[in-house]
Amino acid sequence: MTDPAYLVGAGGVLGALARTLVGEYVVLDGVPASTFAVNVLGTFLLALLTLSHAGNDLALFLGTGFCGSFTTFSSFSVETVRLWETGEYGRAAANALGTLAAAGVAVALAALLVRAL
Amino acid sequence: MASAPTEPPDTPADDAFSTAMSTGTLTSGPLVSRLETVALVALGGFAGANLRHAVALVAPGLAGTLVANVCGSLALGFVLYEEIYGGTLSAETRVVLATGFLSSFTTYSTFAVQSAQSRPLLLAANVVANYALGFAAVLAGRALARRATGGPQR
Chain A
41 MTDPAYLVGA GGVLGALART LVGEYVVLDG VPASTFAVNV LGTFLLALLT LSHAGNDLAL
101 FLGTGFCGSF TTFSSFSVET VRLWETGEYG RAAANALGTL AAAGVAVALA ALLVRAL
Chain B
22 MASAPTEPPD TPADDAFSTA MSTGTLTSGP LVSRLETVAL VALGGFAGAN LRHAVALVAP
82 GLAGTLVANV CGSLALGFVL YEEIYGGTLS AETRVVLATG FLSSFTTYST FAVQSAQSRP
142 LLLAANVVAN YALGFAAVLA GRALARRATG GPQR
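Going down the list, the protein sequences come from chains A and B. One gets my numbering by counting positions in the first sequence from 1 and adding 40 to each. One gets my numbering by counting positions in the second sequence from 1 and adding 21 to each.
Hints are not guaranteed to be accurate.
[What the hints assert, rightly or not] Which stretches of chain B does chain A cover? Using the computed rule of at least three CB atoms under 8 Å from a CB of chain A, they are:
| # | stretch |
| --- | --- |
| 1 | 73-84 |
| 2 | 92-104 |
| 3 | 140-148 |
| 4 | 164-173 |
[Unchecked claim] With beta-carbon atoms standing in for the labels, derived distance ranges:
| # | chain 1 | residue 1 | chain 2 | residue 2 | range |
| --- | --- | --- | --- | --- | --- |
| 5 | A | Tyr46 | B | Pro81 | 34 to 44 Å |
| 6 | A | Tyr46 | B | Val79 | 17 to 27 Å |
| 7 | A | Val154 | B | Ser49 | 17 to 27 Å |
[As the list claims (entries may be wrong)] To list a few chain A residues with every Cβ distance to chain B over 12 Å, as calculated:
| # | residue |
| --- | --- |
| 8 | Gly95 |
| 9 | Leu100 |
| 10 | Gly130 |
| 11 | Leu153 |
| 12 | Arg155 |
| 13 | Ala156 |
| 14 | Leu157 |
Hints listed in this document are in silico derivations from the structure and should not be mistaken for laboratory results. Even for Gly, the Cβ is constructed at its ideal location relative to N, Cα and C.
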């Protein structure tokens, strides 16, 4: 039995590093593409874990730790506000609603996948 | 302080925000500075994930996630606008706080999956609460950064 703090922490370390890597590779001018990518991908993974009723240790390590840290709400909200205040109203709205819609699709896809397997 | 070697030399001065979002790189620069970035991001990620877990133990479900997301948005808003307004935090502090700790403390995936598992009315309320309070928290962080730095009073 591993201490939950290590499971969550180790997952958090890997999630934060993976998010940072994505941030260096997924770069699009004028849109926060890397945050969009980690949030949608991480939501898909967490939905898979949750819907397939992963065991407690796996849920702490991969779910709470990795997916929780890989995805980020604070960068999303800061980037959206930043787009809005620089006059990019369309992009701000598209980022806010697009992330939400894509995350919804990710959860639905995960549900289909879990049901199919 | 000196993270300059890892930044493009021609970064426009008025583009401090995008610089702030990408300070610290894992894939370029001297090995020592890459390793330092790994250590800072890892340290922040370990602490951020565990604090979020602790908040979820105290306030399970939608409430704990909302608290983490709103508090983290406020703090990240402060840290990033503090840089835009010419603040004094070092590059290392920004990496450990912003990229490591705060980005790991807050979470979109838990928010999205918890919302999807809620009844329609609660789902809608949770999305509106996270979005509205999260954006408002960023603006509050910006106001605090302006006060702290005497930044532009637009």
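So, going through the hints one by one against the coordinates:
no.: 1; hint: 73-84; in the structure: holds (count 3)
no.: 2; hint: 92-104; in the structure: holds (count 6)
no.: 3; hint: 140-148; in the structure: violated (count 1)
no.: 4; hint: 164-173; in the structure: violated (count 0)
no.: 5; hint: A:Tyr46 to B:Pro81: 34 to 44 Å; in the structure: 21 Å, violated
no.: 6; hint: A:Tyr46 to B:Val79: 17 to 27 Å; in the structure: 20 Å, holds
no.: 7; hint: A:Val154 to B:Ser49: 17 to 27 Å; in the structure: 39 Å, violated
no.: 8; hint: Gly95; in the structure: 17 Å, holds
no.: 9; hint: Leu100; in the structure: 8 Å, violated
no.: 10; hint: Gly130; in the structure: 16 Å, holds
no.: 11; hint: Leu153; in the structure: 14 Å, holds
no.: 12; hint: Arg155; in the structure: 15 Å, holds
no.: 13; hint: Ala156; in the structure: 18 Å, holds
no.: 14; hint: Leu157; in the structure: 18 Å, holds
The structure fails hints 3, 4, 5, 7 and 9 (numbered hints given earlier, in ascending order).
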